[in-house]
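Using the sequences plus the hints, can you model the full thing?
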Amino acid sequence: MASAGTEKGASPPGRRQLLGFLLGSSVFASLASIFYPILKFVLPPPSGELDSDTVVAARLDELAPSAAKIFRFGNRPGLLIRLPEGGYRAFSATCTHLDCTVQFRQREQDVWCACHNGIYDLRGRNVSGPPPRPLEEYDVHERGEEIVVARREQA
Amino acid sequence: MTSALEQLRVWLEERFGHGLGDAIRKKQVPRHRHSLWYYLGGMTLFLFLIQVVTGILLLLYYRPSPGEAFESVQFIMTKVQFGWLIRGLHAWAANLLILVAMLHMFSAFFLKAYRKPRELTWITGCLLFFIFLGFGFSGYLLPWNELAFFATKVGTEMMAAVPFIGEWLLTVFRGGEEVTGATLTRFFGFHVAVFPALTTLVLGIHLFLVQQLGMSVPPSVERAHRQSGQPLRAHPFFPGFLLRDLIGWYIALGILAALAALDPWELGVKADPFVPTPAGIKPEWYFLFLFQTLKVIPARLLWIEGEQLAVMLFGVVALLWVLVPFLDRNPEGRSGRVFTAVGAVAVAYIIGMTVWAW
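Sequence lines, in order, name chains R and A. Per the working numbering, numbering of the first sequence is gapless, rising by one per residue and ending at 393. Per the working numbering, numbering of the second sequence is gapless, rising by one per residue and ending at 340.
Any given hint could turn out to be false.
[Said to hold, decoys possible] With a cut-off of at most 25 Å between alpha-carbon atoms, the simulated SDA-like pairs for lysine to any residue come out as follows: (1) A:K8 <-> A:H207; (2) R:K278 <-> A:I38; (3) A:K61 <-> R:A270; (4) R:K278 <-> A:A240; (5) R:K278 <-> A:P46; (6) A:K9 <-> A:E204; (7) R:K278 <-> A:F57; (8) A:K264 <-> A:G250.
Just so you know, these hints were derived from the structure itself, not from any lab.
Structure, rendered in structure tokens:
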């Protein structure tokens, strides 16, 4: 369209440039004011659920020795294991490979991810299969009748 | 830059043929003292596209169940960034869309744009208008607030008055005997799947016909040019007419954003089927004249119930309206004048009843 200026008395190049600049920047500003709200709208606001640092994972009499359960820790699952010799360990139940949820296997005495056959030992260390990192371990406390799991302070 | 664009154009034309490019280059729009009305169709299309975009955005957060619908709209309005803007635009543009579509339809009516060979353009246009009313009616319920809930009860209750299939219609649209969560899910389905699909089809035919047949020139303008022997003035669609269209759309967008910002669409109170209907339940403004007609019609006329009479009347009038191109046999002569007069009475009736019901 820039070559359309064949009318007689075509405007001087300076004025033409200025008009082009004004038109271009107003088009840009308009498009920005349309797409900025859309891009902001598409991103969901942070979820209202507080990522708490401690949670009651189980009651004291809930797990027999050599048993485990999945508990809610904020938005994500956690794994609480009662060891055969007594005592508890808690991990994030999210496999470090591709986010599947792991499970405790009583017979093998390990933590297994069914998605890609990843195996962790009872300390959460990745011992076989694709997982690249150990499971995040949580602190376990007994408080009265309850077992409380707490996120460890980030070192 | 230009040569790359040119290469792309050539590449595309080798595959799609020259048809589209030629059509755009050759398309002419007649120019006369009634030309302004030509812009209303494009404006309706623009508002519809706004509805498509904002509607898809709202779908990212909206949840169509009675336990969550109201809360999810509340979430959009209060928590999502620019959520108030997107919902406000959707609600305001819906109303403007109906208004502009109405103006477009009546301008086509009074300028006799429906006359041969544009009968199908008129019919598809009418169908689009009815679909838009369906969009409005179904969308009104989705926030699941008290006003919408009771307006939907009344609106669907009218379906029961349709002869023979009334009860069946009522059950199909409500998803049961009452307005419940089942109704919400159905209306949601109509609003985001059935009506959009229908619109795509009918709008495609409508736009194809407009391209195929070109713009209609009003009989009075045609006559004047026949008498003076001068050719009709016209200007190219691209870029002149399209740029004028763009200016109109730009202004419309500004008005919409201003309305959404200065007069945010209310959410109201969450619907509760077990509270009495609050006073002053009214449908959206574009249904008001129907609503008022219902109020005025006596409860019983001879052997017919008032509601049934009204529904049959609406149905017959709507059918006649769609069939106008076939009923007006001589648009430039006597019958044309009769139809203009009937149209004027219809407009006066709609405006009068709407003002009365306000």
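Status of each hint after checking the structure:
1. A:K8 <-> A:H207: Holds. A:K8 to A:H207 sits at ~22 Å (cutoff 25 Å).
2. R:K278 <-> A:I38: Status holds; Cα separation ~15 Å.
3. A:K61 <-> R:A270: holds (22 Å)
4. R:K278 <-> A:A240: holds (19 Å)
5. R:K278 <-> A:P46: Holds, because 23 Å separates the two Cα atoms, which is no more than 25 Å.
6. A:K9 <-> A:E204: holds (19 Å)
7. R:K278 <-> A:F57: Cα-Cα ~15 Å, so holds.
8. A:K264 <-> A:G250: holds (14 Å)
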